[in-house]
Amino acid sequence: MFTFGPQQPKNLEGYVGFANLPNQVYRKSVKRGFEFTLMVVGESGLGKSTLINSLFLTDLYSPEYPGPSHRVKKTVQVEQSKVLVKEGGVQLLLTIVDTPGFGDAVDNSNCWQPVIDYIDSKFEDYLNAESRVNRRLMPDSRVLCCLYFIAPSGHGLKPLDIEFMKRLHEKVNIIPLIAKADTMTPEECQLFKKQIMKEIQDHKIRVYEFPETDDEEEMKMVKRIKDRLPLAVVGSNTIIEVNGKRVRGRQYPWGVAEVENGEHCDFTILRNMLIRTHMQDLKDVTNNVHYENYRSRKLAAVTYNGGDGSKSKGQLTKAETSDDMSPLAQMEEERRDHVSKMKKMEQEMEQVFEMKVKEKLQKLRDSEAELQRRHEQMKKNLDAQHRELEERRRQHEEEKGSWEGQQRILEQQKLDASK
Amino acid sequence: MAANDGDVFAQKEKRNLELRGHVGFDSLPDQLVRKSVAPGFCFNILCVGETGIGKSTLMNTLFNTTFENEEASHFQTEVQMRPETDDLQESNVNLKLTTVHTVGFGDQINREESYKPILEYIDTQFGRYLEEELKIQRSLFNFHDTRIHTCLYFIAPTGHSLKSLDLVTMKKLDSKVNIIPVIAKADTLSKSELDKFKIKIMSELVSNGVQIYQFPTEDEAIAEINTSMNTHLPFAVVGSLEDVKVGNKMVKARLYPWGSVQVENENHCDFVKLREMLLRVNMEDLREQTHARHYELYRRCKLEEMGFKDTDPDSQSFSLQDTYEAKRKEFLVDLQLKEEQMRQMFVNKVKETEAELKEKEKELHDRFEQLKRMHQGEKKNLEEKRRELEEEMNAFNRKKVAAETLMGQTLQGCSQQPFKKDKDKKN
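In order, the protein sequences belong to chains F and H.
When the letters of the first sequence are read in order and numbered with the UniProt record's numbering, they come out as residues 1 to 419.
When the letters of the second sequence are read in order and numbered with the UniProt record's numbering, they come out as residues 1 to 427.
Here chain F stands alone, though its shape is the one from the complex (with noise of 0.2 angstroms):
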């Protein structure tokens, strides 16, 4: 809930007209129609078929649909059946899912599980019509509440109660149910009553829960009805008359136990809690606790476990804050992440190799130098050897230049001397 903050809403001086939002809601809310699916499952023979027709008021059972017990299985079955009822202008589309042979083998180990899957899988569709980019109507057809019948015993929950209500309350709104609560006395079925509910809370199983309102008529009335749970119901298809009126009830030797006498049993409760004030809660918890659990389940298994196969599915870590957001989000984070590492990585391989480079380039310059160096110095030696000859050329063409000069004077002069 937004809360409205330290300050009052604003005062409105006079009239301005939104206050008729909630008649604009109502009125659109009857136009559409309201849709409520319900599961029973329990044992057979425990008057579930009856009860439903009770609540309803209506031959949702009768012997052309038969009810679960009278479909005989070899395994756990999940059936459902769809009524449209009207009311008061108000139409509800009413889907009972049931579970025949639930319970009712000699080995019962894992019949819930049809019942787990069935439940999966409608979340699944809302999910899937809920993700499509074309989105049209979509239909709901999500189990809402399951009411779990249990066995007048007396005595305590059977292990198969308790297996099924653990594994149940995080994906469904358990209304635990007394069946046939005409078995048992007044105080039998107190005792029976607080039985249960210390066993519910020594498993930690989870039943629906009213929730809490600022309404203080209200806060009692929900008092009045957790005092009384779990709810010890009675059913019947027969109208008898008792004292010129007529009621539901069942005709014993000894009297008629009435289905709406609150004394008689918690019918009426259960009716008005179910039908007349609850039913919206009970779609709103499972939209928002139990849907989106199974949601957030699902998808995270998408996430970081998508690509990789290093992780198993269906993993919620906690360590994953990633969970903050859509996946969507998650890649276009990842996608940047990768991006700047492998900006980082182009950048250290572009230093790496400018380096490298920069090495050889100056060996190589190195080397340039070197060449130079000793051609420049050859090249000094060769002038200097050159300049050497030259010199030495000097010096003998010097010489014999001088000597033959000599020689042509004596020539000369010995030519002189023989005239």
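Hints were generated in silico from the structure; no laboratory data involved.
One or more hints might be untrue.
[To be verified] Pair by pair, the computed Cβ-Cβ distance ranges are:
#	chain 1	residue 1	chain 2	residue 2	range
1	H	F143	F	K158	19 to 29 angstroms
2	H	Q137	F	K245	45 to 55 angstroms
3	F	N243	H	Q214	58 to 68 angstroms
4	H	R386	F	V352	49 to 59 angstroms
5	H	E18	F	N243	20 to 30 angstroms
6	F	Q385	H	L357	54 to 64 angstroms
7	F	Q347	H	L165	41 to 51 angstroms
8	F	F353	H	E305	23 to 33 angstroms
9	F	Q412	H	K399	14 to 24 angstroms
10	F	K245	H	K249	50 to 60 angstroms
11	H	T66	F	M197	38 to 48 angstroms
For glycine and all other residues, C-beta sits at the position ideal for the given N, C-alpha and C.
Got chain F; can you put chain H on it based on the hints?
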């Protein structure tokens, strides 16, 4: 029949059943309403119009309260969106109202881009919601929904026609938001001018294909009033928070020397009609249309942009997980490819440079060889010359020696042998 027990229950058709008494689910709408009233409602109005056209005044008048809106100047360089959120309460209904004003709209000289900030703002709010919807851990029921439920477009009361800025802007916005056009400061137009103006505006909107919000007519309870109101569009409004004494009542009005324009007088302006339609009758429909139509369109486009599809080429539907997984795989492959490309480019670069460097090395080596050869050549040359010189010198020495020997001999018997001298001379 027994053989078909299971079949009966497996069938998907629904049966219509009669009730034998009062079950009580007719309270469902009440339960729904009660649950939605408790946390309060959200409503977001966008006001688009030129500076000074009366947006703030109208909002104040509409909600009978003063919102904090400072007066805007005409010198904004670009259009800015200014949202303000207030918590209002009427009877027991709590409303979280967000009013968004476009500040500076129409003030720039070049207004080609004026609609962009508005469009962006609307899309951003859709984006916020979509982001939340796609989160793994989400809480939509707690989420403050800021998506714009309606856009009041304020038309200047020129009396002639729509401005091109109006048409352009409304055309850009009509697929994103419910547009309700209003004629602002309607007290500057006479009744006949107003009627003509309204007709002109509506025909211009139609001929330009602008989709404005139509009040819905499916619900019988409100069909009549909505149909009638649809014909009065656009609403000509006047806003005022000043109380003026008219008769013996204090009413909201604008006082002129020639009379007072009463805001809530339906003969004077359509303010009451606007309030009725916007707040009292169709608020929920505006919210619904925004969510079911405009938001879905945005969502569809956004998801398609990101590459999501509903079916693959074989027409098998994808579940969200499959899509995400496929996307992820694609994404990882893409990343790897990019990495490979970068490495490859690098390897090529290295190869190139290596080749270059090798070339340089070879060049240098060749030069070295060349110089070496040159040196050797020169050295040889030098050696040749040296040898030559040596030979010359030797020859000369021999000559010298021979000459001196001869000289010696000649000195010994110079008169006896004249011919030898000639011979020598010839040498």
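To see whether the hints hold, each was checked on the structure:
For F143 of chain H and K158 of chain F, the hinted distance range of 19 to 29 angstroms is not satisfied, since their beta carbons lie about 43 angstroms from each other. Separation of Q137 of chain H from K245 of chain F is about 54 angstroms and conforms to the stated range, judged on CB atoms against 45 to 55 angstroms. Between N243 of chain F and Q214 of chain H, the C-beta spacing of about 60 angstroms keeps the proposed range 58 to 68 angstroms intact. In this structure, R386 of chain H and V352 of chain F meet the distance hint of 49 to 59 angstroms, their C-beta atoms being roughly 55 angstroms apart.
Our hint of 20 to 30 angstroms for E18 of chain H and N243 of chain F holds, since their Cβ atoms are close to 27 angstroms apart. For the pair Q385 of chain F and L357 of chain H, the beta carbons lie near 37 angstroms from each other, so the given range of 54 to 64 angstroms is not met. Between Q347 of chain F and L165 of chain H the beta carbons are some 49 angstroms apart, a value that agrees with the proposed interval 41 to 51 angstroms. A hinted range of 23 to 33 angstroms is violated for the C-beta pair F353 of chain F and E305 of chain H, which are about 38 angstroms apart.
Range check, Q412 of chain F to K399 of chain H: Cβ separation about 18 angstroms, and the 14 to 24 angstroms hint holds. K245 of chain F and K249 of chain H have their C-beta atoms about 58 angstroms apart, which keeps the hinted 50 to 60 angstroms range intact. Between T66 of chain H and M197 of chain F the beta carbon distance is about 56 angstroms. The supplied range of 38 to 48 angstroms is therefore violated.
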